[in-house]
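Novice: Based on the sequences and whatever the hints tell you, model everything.
Using the numbering used here, you'd call the opening residue of the sequence shown number 812 and step up by one each time.
No wet-lab data here; the hints were simulated from the structure.
Don't take every hint at face value.
To be verified - Cut-off 20 angstroms, straight-line C-alpha distance, at most; resulting in silico cross-link-like pairs (EDC-like, lysine to aspartate or glutamate):
| hint | residue 1 | residue 2 |
| --- | --- | --- |
| 1 | LYS1194 | ASP1033 |
| 2 | LYS958 | ASP1010 |
| 3 | LYS1080 | ASP930 |
| 4 | LYS958 | GLU970 |
| 5 | LYS1080 | GLU1058 |
| 6 | LYS1063 | ASP930 |
| 7 | LYS1099 | GLU1058 |
| 8 | LYS1165 | ASP1123 |
| 9 | LYS1165 | GLU1153 |
| 10 | LYS958 | GLU1057 |
| 11 | LYS1099 | ASP902 |
| 12 | LYS958 | ASP948 |
| 13 | LYS1099 | ASP1087 |
| 14 | LYS1099 | ASP1033 |
| 15 | LYS1165 | GLU1198 |
| 16 | LYS1099 | ASP1123 |
| 17 | LYS1194 | GLU1158 |
| 18 | LYS1099 | GLU1158 |
| 19 | LYS958 | GLU1058 |
| 20 | LYS1080 | ASP1195 |
| 21 | LYS1165 | GLU1142 |
| 22 | LYS1080 | ASP1123 |
| 23 | LYS958 | GLU1069 |
| 24 | LYS1080 | GLU897 |
| 25 | LYS1099 | GLU1083 |
| 26 | LYS1099 | GLU1111 |
| 27 | LYS1165 | GLU1200 |
| 28 | LYS958 | GLU1000 |
Stated by the list, open to error - Pairwise CB distance ranges, derived in the manner of DEER restraints:
| hint | residue 1 | residue 2 | range |
| --- | --- | --- | --- |
| 29 | PRO969 | GLN884 | 23 to 29 angstroms |
| 30 | LEU1084 | ASP1064 | 35 to 41 angstroms |
| 31 | PHE1162 | THR848 | 30 to 36 angstroms |
The C-beta atom is built at its ideal place from N, Cα and C for all residues, glycine as well.
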Amino acid sequence: MNASTAGDSGPIVVAGAGYAGLHVALRLTARLRNNPTMELTLVDRHDYHQVLTELPQVAGGTRAAGTVRIPLQDVLAERVRFVQTEISGFDLAGRRLLTGAGPIGWRRLVLALGSRPNDFAIPGLAQRALSVYSASDAERVWAAASKALDAAAAAANPERQRRLATVVVGGGGATGVELAGELAEVLPEVASGHGLAPDRPAVLLVEAGPTILAGSSPQLIDKTTRILSDLGVQVRTNAAIAAATEEGFRLKDGQLVEGGVFVWAGGVKAPELVVDSGLPTGHNGRVKVDQYLRVLDHPEIYVAGDLASVTDPRTGHVLPPLAQVALEEGETVARNLDAELEGGPREAFTFHDKGFVVSVGTRRGVADIAGTTTGGRLAHLLKDAIEWEYRQSVRHLRGWDPIAR
812 MNASTAGDSG PIVVAGAGYA GLHVALRLTA RLRNNPTMEL TLVDRHDYHQ VLTELPQVAG
872 GTRAAGTVRI PLQDVLAERV RFVQTEISGF DLAGRRLLTG AGPIGWRRLV LALGSRPNDF
932 AIPGLAQRAL SVYSASDAER VWAAASKALD AAAAAANPER QRRLATVVVG GGGATGVELA
992 GELAEVLPEV ASGHGLAPDR PAVLLVEAGP TILAGSSPQL IDKTTRILSD LGVQVRTNAA
1052 IAAATEEGFR LKDGQLVEGG VFVWAGGVKA PELVVDSGLP TGHNGRVKVD QYLRVLDHPE
1112 IYVAGDLASV TDPRTGHVLP PLAQVALEEG ETVARNLDAE LEGGPREAFT FHDKGFVVSV
1172 GTRRGVADIA GTTTGGRLAH LLKDAIEWEY RQSVRHLRGW DPIAR
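Specialist: This is the structure we're talking about:
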């Protein structure tokens, strides 16, 4: 490491084993062969990596939670030291990561802590709505849906049955759309097992903005809307939630949206421990970085994934918290850390949009790839293929040198 960037002794510490953090660790592993004295430490509260893009299937009861948890011991090389503990804060001046297992000193720190659900300070929302941001969250959604079907079956009044068997999803982004489609297709099929007629369960998707999948092409939005309609999903746009009460979601126009289960998929924000960290933050608490993904005024700290506030120069907007963005940022951080180790030039981050694919139900999907919009079974198969390829890449990267070009 050259004199201009070298800090005190200590390892490279990666905080968070999500999409970005895991890939920083995986992509740096091979390069450490040339630096036998350099240590690489990965810290996370879980001993597994979660494939978050598959959570709607878990929440819809079509996939077991265990299948979206990849044990870290299966993918990390021996050279990586893994510490399973809760991260509680930062000692920036002392270059220490504060954890439940004690402070961990670092020479370079990579913050890849992901995000948490953003309730936008809507009264009652955090208490009365379920989230879908972990495998455990998704399990709770499916358990709640199953319990609601049982409660509906025990009700004598058809209207009460219908209300109890209704799942209301707040947020019309990719997660909300996938969850709504999954449940709309699955719940009627499992209703009889709970003593209900197939037409009793219902799914309602509520979106504050004028359209679902904001930012997508009109063609993709139209195809998605038609598939959701085919599945029986009731989509309500321009329906901002003012409060979550015991009766349901109260909209800003005064209307009450009733149901038996309420799920929030309306956005994310930075983890709470970042708020008081002293790091420069922007929209939704995300950390501001330079072109190399280093924290502004803290060049010894890199940020990648949902936590990084990166503006796309083509649109002027902050890049969305998507898996493909996190993966590319993780690769750039790995390259730049490698460049510091070797005394070479850093690489400015540039996002290369590979397209957008969303599953809508268990058999259909929509996709925008290279300016072409498709929908139906082919798009769903494409989503399955992307998920399969990702799992293969995680295992393939172990011990491989993907940084060299």
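Novice: Is the Cα-Cα distance between LYS1099 and GLU1058 20 angstroms or less?
Specialist: Violated. LYS1099 to GLU1058 sits at ~40 angstroms, over the 20 angstroms cutoff.
Novice: Can you confirm whether the C-alpha distance between LYS1080 and GLU1058 stays at or below 20 angstroms?
Specialist: violated, 27 angstroms
Novice: Given the range 35 to 41 angstroms, decide if the beta-carbon distance of LEU1084 to ASP1064 lies inside it.
Specialist: holds, 37 angstroms
Novice: For the pair supplied as a hint, LYS1080 and GLU897, confirm whether the alpha-carbon distance does not exceed 20 angstroms.
Specialist: holds, 19 angstroms
Novice: Verify the proposed pairing of LYS1099 with GLU1158, using a straight-line Cα cut of 20 angstroms.
Specialist: holds, 17 angstroms
Novice: Straight-line Cα separation of LYS958 and GLU970 no greater than 20 angstroms?
Specialist: holds, 17 angstroms
Novice: Would the pair LYS1165 and GLU1200 pass a check requiring their Cα atoms to be no farther apart than 20 angstroms?
Specialist: holds, 14 angstroms
Novice: Is it true that the CA of LYS1080 sits at most 20 angstroms from the CA of ASP1123?
Specialist: holds, 18 angstroms
Novice: Does ASP930 sit within 20 angstroms of LYS1080, going by the straight-line distance between their CA atoms?
Specialist: holds, 9 angstroms
Novice: Decide if the proposed pair is consistent with the structure: LYS1080 and ASP1195, CA atoms, cutoff 20 angstroms inclusive.
Specialist: violated, 27 angstroms
Novice: Does the alpha-carbon distance linking LYS958 and GLU1058 stay inside the 20 angstroms limit?
Specialist: holds, 17 angstroms
Novice: Checking one constraint from the list: CA of LYS1099 to CA of GLU1083, max 20 angstroms. Satisfied?
Specialist: holds, 16 angstroms
Taken one by one, the earlier hints fail for this structure at numbers 5, 7, 9, 14, 17, 20 and 29, listed in ascending order.
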